[in-house]
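K.L.:
Protein chains in written order, with this note's numbering: chain A, 53 to 166; chain B, 15 to 128.
There's no promise every hint is true.
Among chain B residues calculated to face chain A with C-beta under 8 Å, some are [unchecked claim]:
{"#": "1", "residue": "Tyr53"}
{"#": "2", "residue": "His57"}
{"#": "3", "residue": "Leu58"}
{"#": "4", "residue": "Ile116"}
{"#": "5", "residue": "Ser120"}
Chain A stretches covered by chain B per the calculated footprint, using a threshold of three residues with CB under 8 Å from any CB of chain B [to be verified]:
{"#": "6", "segment": "94-101"}
{"#": "7", "segment": "154-163"}
Simulated from the structure, these hints should not be mistaken for laboratory data. Think of the CB as a built atom: it goes at the ideal place given N, C-alpha and C, for glycine as much as any other residue.
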Amino acid sequence: DAGVIQSPRHEVTEMGQEVTLRCKPISGHDYLFWYRQTMMRGLELLIYFNNNVPIDDSGMPEDRFSAKMPNASFSTLKIQPSEPRDSAVYFCASRGQYSGNTIYFGEGSWLTVV
Amino acid sequence: AQSVSQHNHHVILSEAASLELGCNYSYGGTVNLFWYVQYPGQHLQLLLKYFSGDPLVKGIKGFEAEFIKSKFSFNLRKPSVQWSDTAEYFCAVNAYSSASKIIFGSGTRLSIRP
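Build the full structure now, drawing on both the sequences and the hints.
P.N.:
As structure tokens, then:
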């Protein structure tokens, strides 16, 4: 059974470029979460969706960040323009009605902005 | 608002030592509690969880945690650690009132000396 799938696994980009991170949640899961992990701030919840609808985006750092979920099997997190301080590991996670409140994480997208 | 505190940022132990990692949360209502583990370079994996019932929860790899409601605590324990337990450990809380929002602590890095 496939878990949460994220791409790319690693990305190095130049400051000012657009970055798009992708996530495929576990099939049948109706909640999708985007987290950011840094040494300084730990694991931060950026945004989460329920049935493809954004429920809480209060963790999105600023307008440069946006997230979409056009269907139940795909979500994107976009940073435009990117800055060096956006360098972090971005995790996507999902949760299903029958998995209780347990969320399952993807492998993460390691972003470096130079 | 709910929050999670992990007071130990870095714990160093020798193999076979006993482990206890502290976790305190702030929320007066009903909660679900989790411990996740992140091995170096990997994603977060569920170690154990508490939803209801017996406050002493057994997880994988010999870990256990005890929910003490009066102390708002959910400490993680293991009687005898192994080198392979070297990882970062995250406590997380989900309050019933914000059904889907799971908040993570800042993490505790565990280093085991062989």
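K.L.:
Grab the minimum C-beta distance from Ser120 of chain B to chain A and call the hint holds if it beats 8 Å, violated otherwise.
P.N.:
holds, 4 Å
K.L.:
Should the interface hint for His57 of chain B be scored as holding, given a Cβ-Cβ cut-off of 8 Å against chain A?
P.N.:
holds, 4 Å
K.L.:
Take the segment 154-163 of chain A, compare each residue's beta carbon with every beta carbon of chain B, and decide whether three or more fall closer than 8 Å.
P.N.:
Check passed, 7 qualifying residues.
K.L.:
With a cut-off of 8 Å on the beta carbons, see whether Leu58 of chain B makes it to chain A.
P.N.:
holds, 4 Å
K.L.:
Against chain A, run the beta carbon of Ile116 of chain B and see if the smallest gap drops under 8 Å.
P.N.:
Holds. Min distance 6 Å.
K.L.:
Checking C-beta pairs, does the segment 94-101 of chain A have three or more residues closer than 8 Å to chain B?
P.N.:
holds (count 4)
K.L.:
Classify the hint on Tyr53 of chain B as holds or violated, based on whether any CB of chain A lies nearer than 8 Å to its CB.
P.N.:
Nearest chain A Cβ about 12 Å off; hint violated.
Of the numbered hints given earlier, the model fails hint 1 alone.
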